[in-house]
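Please dock the two separately framed chains into a single complex, following the hints provided.
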Amino acid sequence: MTVITKTEYLIIGNSVGGIGAAEAIRGADKEGLITIVSDEPYSVYSRPLISDYLANPGTIEKMLYRKPDFYQENSIQTVLGERVLKIDSEKHTVTLSCGQEIHWRKLLLATGGAPIIPSTPGVDLAGVFTFNKLDDAKAIDGFLKDRNQVKAVVIGGGLIGVSVTEALVKRGVYVTVLEMKDRILNTILDEEASAMEARTLEQNGVGIITGHTAARISSHVRGEVSGVTLDDGRTLDCEMVVIAIGVRPRLELAKEAGIITNRGIVVDRFMMTSAPDIYACGDAAEAYDFVLGEDRPTPVWPNAYEGGRVAGLNMAGVPTEYRGGTALNALKYFGINIVSAGMVASPDAGTEMLTFKRNGIYRKAVIKNGKLSGFIFAGDIGKSGILYNLMKDGIDVTDFKERLVADDFGLASLPEAIWRERLPAPAAGSVIISGAPEKPEEAFIGD
Amino acid sequence: MKKVYLKESACIACKLCEVYCRLQRSSSGDLVKAFKKESPRPLPGVRVDEFGALSLSVRCQHCEDAPCVRACLTGALSRDPLTGIVTVDEERCIGCGTCILVCPLGVPQLDNTRKKMVKCDLCQGEEIPACVANCPNEALVYAETNDIQLEQAVLK
Chain A
8 MTVITKTEYL IIGNSVGGIG AAEAIRGADK EGLITIVSDE PYSVYSRPLI
58 SDYLANPGTI EKMLYRKPDF YQENSIQTVL GERVLKIDSE KHTVTLSCGQ
108 EIHWRKLLLA TGGAPIIPST PGVDLAGVFT FNKLDDAKAI DGFLKDRNQV
158 KAVVIGGGLI GVSVTEALVK RGVYVTVLEM KDRILNTILD EEASAMEART
208 LEQNGVGIIT GHTAARISSH VRGEVSGVTL DDGRTLDCEM VVIAIGVRPR
258 LELAKEAGII TNRGIVVDRF MMTSAPDIYA CGDAAEAYDF VLGEDRPTPV
308 WPNAYEGGRV AGLNMAGVPT EYRGGTALNA LKYFGINIVS AGMVASPDAG
358 TEMLTFKRNG IYRKAVIKNG KLSGFIFAGD IGKSGILYNL MKDGIDVTDF
408 KERLVADDFG LASLPEAIWR ERLPAPAAGS VIISGAPEKP EEAFIGD
Chain B
18 MKKVYLKESA CIACKLCEVY CRLQRSSSGD LVKAFKKESP RPLPGVRVDE
68 FGALSLSVRC QHCEDAPCVR ACLTGALSRD PLTGIVTVDE ERCIGCGTCI
118 LVCPLGVPQL DNTRKKMVKC DLCQGEEIPA CVANCPNEAL VYAETNDIQL
168 EQAVLK
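Protein chains in written order, with this note's numbering: chain A, 8 to 454; chain B, 18 to 173.
Isolated chain B, as found in the complex (with noise of 0.2 Å):
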């Protein structure tokens, strides 16, 4: 499966990640409605901390073995066996925040409106996600990820 990488030294801090991330997950599709007028409002599934200089932009890194799914209270979370990515079916999901509190990244956000739990999905359907295409100085990368349990699931 493909993931995104960040090439930290390349990060300034811009944020177009998030903003994109959330245009990306609106339902108007408009950059102003997405922030401004649309209830519930979209929240990102990337985010970008800064301690000093450095700043990192971070999302789900749709793990192997992925520890939110292994905690997941109700099922809602699991991983697509052929895919690798990590999704939460939001009828099962009930916003208790397990996932946030295993997550090394400490990733997936709750969404306080619709008390669900929001995370990257790599943008399905898309062939590049938003992040990556609108990254302005390419320190996003999508690329191949080596990947033991898709290896698996492949050759059975």
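Same shape as in the complex, but just chain A (with noise of 0.2 Å):
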């Protein structure tokens, strides 16, 4: 292997940020050597796919993000399992954990984020789980593989918490959700679609406990969990806990280099941060938000996709303004289909609400000032993608919003400016061919 001392790009990161940007770099610089440097030891695989692996444990082949050859095919150099320990903007370089010195031209932060761990009694016994990683999936593979009949407990109802709850009890495991608000994916669901998850959750057999928290894990054979004990004195017996309160991103390379920080590494729309010639995405970094109209982190795949990519081309010199993300989730556990975007789990007041419910599928748009800043479509996400678009693109949408929850809502409730817009039509001077050539009469218009 050769040792890489002088790059022109670096990219901290091995997951989708961090890809994207280099998939934007390499369109834009054919030349330039890029590098990724990332602590994990994996080639990029999807993490939303832990919940598969661990339901059905297998093969990392079937997890990878790009094709096994995608490195070697765009020239990419990596550094795998090895930690960045230090960044030092003046001079242009970062330090490893083996102690070698990189020298970049541009860099990337797409350190992603980590779990929340709270400081609860008990959060160090072997038993206590986090699931954010590859890693954390086969440490509870690991776990569970000689077991039989466990209880777990998942401390947090959220998307992590809903996810490893659905591959536990693929695996056979007995699991309490243990939510401390009134109800599971508070965040980003409202109070009806979270009722649809939860009884699904319920229907398979999941308890799930919210309005308390955990005030201990307990333990009763030495250094093993036995149970979680609740803030009001209830104890669930449990063989394992996993912690899913939530991620915070990681920014400890980032302060270090006095990089500026708030919730997430301060970017720009350019995805750059306080420091000249350093880039930030995806989950470690905060910005902006299109429906809010600030910036703020919205760690979701997709986002960070786009963030690194905007990133990436900026770093390659192809000035490139991040349109902004929002909130975007689809769920499929125990094969419910729900999607929602925005802000819809708690609107502000001045919020209009239109809903459709019938037959399993329920339909929530939330309006604001005229526009879009919100919606559910559950049961059915068929052209949810309608709506997104007409969010993410601010248009106003009081003249037609009941048909955007209607039954028959498609391309064709919109407004003609606006289908005619999305439908584009052939380029100029092209030859087109129709069906049935063999037929001579003209095209049937019509008054």
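The set of hints was computed from the structure by calculation and includes no laboratory data.
One or more hints might be untrue.
[Stated by the list, open to error] BS3-like cross-link-like pairs, simulated, lysine-lysine; straight-line CA separation at most 27 Å:
hint : chain 1 : residue 1 : chain 2 : residue 2
1    : A       : K364      : A       : K98
2    : A       : K177      : B       : K133
3    : B       : K19       : B       : K133
4    : B       : K133      : A       : K140
5    : B       : K132      : A       : K69
6    : B       : K24       : B       : K132
7    : B       : K133      : A       : K74
8    : A       : K93       : A       : K13
9    : B       : K19       : A       : K145
10   : B       : K54       : A       : K140
11   : A       : K339      : B       : K19
12   : A       : K93       : A       : K74
13   : A       : K364      : B       : K132
14   : B       : K53       : B       : K32
15   : A       : K339      : B       : K133
16   : B       : K50       : B       : K32
17   : A       : K177      : B       : K132
18   : A       : K375      : A       : K188
This is the structure in structure tokens:
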């Protein structure tokens, strides 16, 4: 292996943000050396698939986000299983855990997020896990291998909590989800859709306790989990606990390098940090949210790719503005499809709600100042992208808002100017081929 | 590349595009079996949206810089750099619906039986896509498009 001491582009992080950047850089600059450093030892894999992995452990090949020859095809050097200890923004260098120094011209911080670990007594016991990356899934798999009839408490009823719950149920584990707020998935769903998910979980044997927290994780056998005691004194017997109360941006490197951080690494609309030549994206950064109109972390996979891509283009000298992202989630727990986007969980005052509910199908559109600020499609998620793009484009929907949740909603429900813009016309002067060429007559247009 | 375009003034909402697309995707190649017998029942990669007198036959536009490809959680979606066709690798598709959520036309569909995403592939192997070939009023046309990404790929 060649030791890299100097690179044009250095990317810290080998997940979707880093890959989005690498692909964009390679599209704009065929020559410049791209180097990706990651503390994970794997080729880029799809993190959302760690739930599928835990449910049905297989090979990492099934989880790869890009083809195995991706790095070679794009002339990307990788330094995997190695931590970056320090960034020197003046000297344009990083120092790796092995002591090696790499000089870079442009740097991207795609360092992602790390699980938040509460100070609850007992979190350091064996049998307490997090669920954020492949190694977490492997650790839980290893724990379950020689055990039967396992009971688990999942602390936190958000996306990660419900994802690990589904996987554990598929492994035959009895799961209780403990959620501090009054309902699960409360940051991305409204009450109705939350209740649909809760019912589905319960139908699959999952216990849900809301409005309570874990006071401590107890241990009868030294070092091992035996139960969780709630804030009201109740005790849940279990052999394992998964901490899933949230993820916080990994900011240490940026902070130590003197880069401005808030909740995440602060970036401008070009994904550049306060330090020249250093960019950030993904779960580590707080980037523009087009619904909120301000910067905030929106730690979802597609936004990380978009932000990474924009960062990469700018790093390669193609000035590109980030259009922004927003909360965006597609759920399929236990076979129920739900999508949600924007601000739907707890809309502010002055918003209008339009809903539709029939035969297991639920739709909600949230309108603020004439524009969509969020929506949920549950049971049938078809055509939801039309709403997402109306919201993204900031289109005033006042005149047709009722149609957005209607049973027969579709592209034709939009004003002509809008559907025409979305349905492109053929290039001028192109050869037109249509069907039924044997028919001589003109198409019938009518009145 | 060629794409399917709609002359909406000629669209009569007959939905034969949906019917023939489903037939094209069926394993039996028999219209009645495709609708009544086949399991899993093939889904069409085209849909007709109606509102009042307006009807629009809508399918994947195989976008340059396709939002679905960029958003795909698993990398199952990709756009062929030479043909421009956006395809889904069913081995890697988990049927999550993220592509449906970001598509400006909302055209990907979930096959609930197979838990896979389904959409137009421009009838690979056919000279003219089935929807175009069977449109009774020539509302659908198969025509060349300007595509900067493809032009660049050819120049490489």
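Given the proposed pairing of K53 (chain B) with K32 (chain B), does the C-alpha separation stay at or below 27 Å?
holds, 17 Å
For the pair supplied as a hint, K375 (chain A) and K188 (chain A), confirm whether the alpha-carbon distance does not exceed 27 Å.
Distance of about 26 Å is within 27 Å: holds.
Can the restraint linking K177 (chain A) and K133 (chain B) be considered satisfied, given a maximum Cα separation of 27 Å?
Roughly 20 Å separates the two Cα atoms, so the pair holds.
Given the hint that K133 (chain B) pairs with K74 (chain A), test it: the Cα-Cα distance must not exceed 27 Å.
holds, 20 Å
Verify the proposed pairing of K364 (chain A) with K98 (chain A), using a straight-line Cα cut of 27 Å.
The hint is violated at about 60 Å.
Going straight from one Cα to the other, do K93 (chain A) and K13 (chain A) come out at no more than 27 Å?
Judged against 27 Å, a Cα distance of about 16 Å means the pair holds.
If you draw a straight line from the CA of K19 (chain B) to the CA of K133 (chain B), is it 27 Å or shorter?
holds, 26 Å
If you draw a straight line from the CA of K177 (chain A) to the CA of K132 (chain B), is it 27 Å or shorter?
Given pair K177 (chain A), K132 (chain B) holds - Cα atoms ~17 Å apart, limit 27 Å.
Hey, K93 (chain A) versus K74 (chain A), does the alpha-carbon distance stay inside 27 Å?
violated, 31 Å
For a C-alpha distance cap of 27 Å, please report whether K24 (chain B) and K132 (chain B) respect it.
Violated, at roughly 33 Å.
Given the hinted pair K339 (chain A) and K19 (chain B), is their Cα-Cα distance within 27 Å?
Given that 27 Å is the threshold and the Cα spacing comes to 35 Å, the pair is violated.
Is K364 (chain A) close enough to K132 (chain B), meaning Cα to Cα at most 27 Å?
holds, 23 Å
The structure shown violates the earlier hints numbered 1, 6, 9, 10, 11 and 12.
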